[in-house]
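**Student:** For the sequence shown, our numbering assigns the number 1 to the initial residue and increments by one for each residue that follows.
Take the hints with a grain of salt, since some may be wrong.
[As the list claims (entries may be wrong)] Across the chosen pairs, the derived CB separations fall in these ranges:
hint: 1; residue 1: Pro37; residue 2: Glu139; range: 25 to 31 Å
hint: 2; residue 1: Gln43; residue 2: Asp92; range: 28 to 34 Å
hint: 3; residue 1: His188; residue 2: Cys95; range: 20 to 26 Å
Read the hints as simulated data drawn from the structure, not as lab findings. All values reported here derive from a predicted model rather than from experimental measurement. Idealized CB from N, CA, C, for every residue including glycine.
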Amino acid sequence: MIIRAVLFDMDGTLIDSEGMHYDATEAVLLAAGVTAPPGLSVQMTGMSGFDCHALLVRQTGLALTYESYVAAKYGAFLKTAQGLALRRGAGDVLCWLERQGLPFAVVSNSDRMLMDASLNAVGLTKPGLITVSRNDVREGKPAPESYLRAAYLMGAAPDECLVVEDSYLGALAGVAAGMRVMGWPEPHRQDIRFPEGVALCDPDDLVSTLQTLIIS
Numbered sequence: 001m002i003i004r005a006v007l008f009d010m011d012g013t014l015i016d017s018e019g020m021h022y023d024a025t026e027a028v029l030l031a032a033g034v035t036a037p038p039g040l041s042v043q044m045t046g047m048s049g050f051d052c053h054a055l056l057v058r059q060t061g062l063a064l065t066y067e068s069y070v071a072a073k074y075g076a077f078l079k080t081a082q083g084l085a086l087r088r089g090a091g092d093v094l095c096w097l098e099r100q101g102l103p104f105a106v107v108s109n110s111d112r113m114l115m116d117a118s119l120n121a122v123g124l125t126k127p128g129l130i131t132v133s134r135n136d137v138r139e140g141k142p143a144p145e146s147y148l149r150a151a152y153l154m155g156a157a158p159d160e161c162l163v164v165e166d167s168y169l170g171a172l173a174g175v176a177a178g179m180r181v182m183g184w185p186e187p188h189r190q191d192i193r194f195p196e197g198v199a200l201c202d203p204d205d206l207v208s209t210l211q212t213l214i215i216s
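All chains should be built: construct the whole structure from the sequences, respecting the hints.
**Tutor:** Have a look at this one:
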C-alpha cells in the first residue's frame with residue numbers, strides 16, 4: 001500500500017520536549033514536598049497528563065487533585081516553552097517530506113494548550129496543519145482513536161498512513177489503528193522495546209528509514 005500521509009508524535013519525536021516536561025513535573029513534586037522516585041521519567045514517557053497524575057498519586061502519594069496538578073505543571077512548563085527546539089534531525093525529515101509532496105500531521109497525548117504552545121515555539125504552526133491533541137479524542141494513546149482521527153482529517157485510510165513514534169505507548173496506538181509504525185527513540189532511550197512489527201529507526205537518521213519504507 002502506498003503511503004499518503006505521515007503522522008508524527010510530538011513530544012520526544014518532533015520536539016525535544018520530554019526533559020522540559022519532566023522538569024516541570026519535578027518542580028510540582030518538590031513544591032508538594034514529594035521526592036521523585038528513580039526511573040519516573042522513563043515511566044512517564046508517552047503518557048497523557050491524566051495518566052501521569054494517576055502514576056504520581058500511586059507511586060509518590062501526591063495529594064494534589066488532578067486539577068491542581070495540571071494548573072501547577074502546565075504553568076511551570078509554559079514558562080519555559082519558548083526555549084523548546086525541534087529534535088535533532090526532525091527538520092531534515094520535514095524538508096524531505098515536503099520535497100516528496102507528502103503531507104504530515106502531528107498527533108499528541110498532550111493537552112491542546114501544551115501542544116499549541118510547543119508547536120508555536122518551534123515554528124511548526126502553519127495554515128492547514130492537522131493536529132490532534134488529547135483533548136480532541138475520548139481516549140488517548142495507547143488507544144488508536146487519535147491516530148484514526150488524524151487519518152480521517154487527512155482523507156487517508158489507516159493503511160495509507162505511516163506513524164513515527166518515540167514511545168512504546170504511542171507505537172501501540174499506531175499498531176492498534178492498523179497503520180505502519182516506525183519507532184524513532186531518542187538517542188539516550190535505547191532501552192525502549194517497541195511492539196512487534198514496528199520498524200526501528202536509527203536515532204540519528206530517520207530520513208534513511210523513511211526513504212526505504214515510502215519509496216520502496
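**Student:** Confirm or reject each hint.
**Tutor:** Tested hints:
1. Between proline 37 and glutamate 139 the Cβ separation comes to about 27 Å, which falls inside the hinted range of 25 to 31 Å.
2. Separation of glutamine 43 from aspartate 92 is about 30 Å and conforms to the stated range, judged on CB atoms against 28 to 34 Å.
3. Between histidine 188 and cysteine 95 the Cβ separation comes to about 25 Å, which falls inside the hinted range of 20 to 26 Å.
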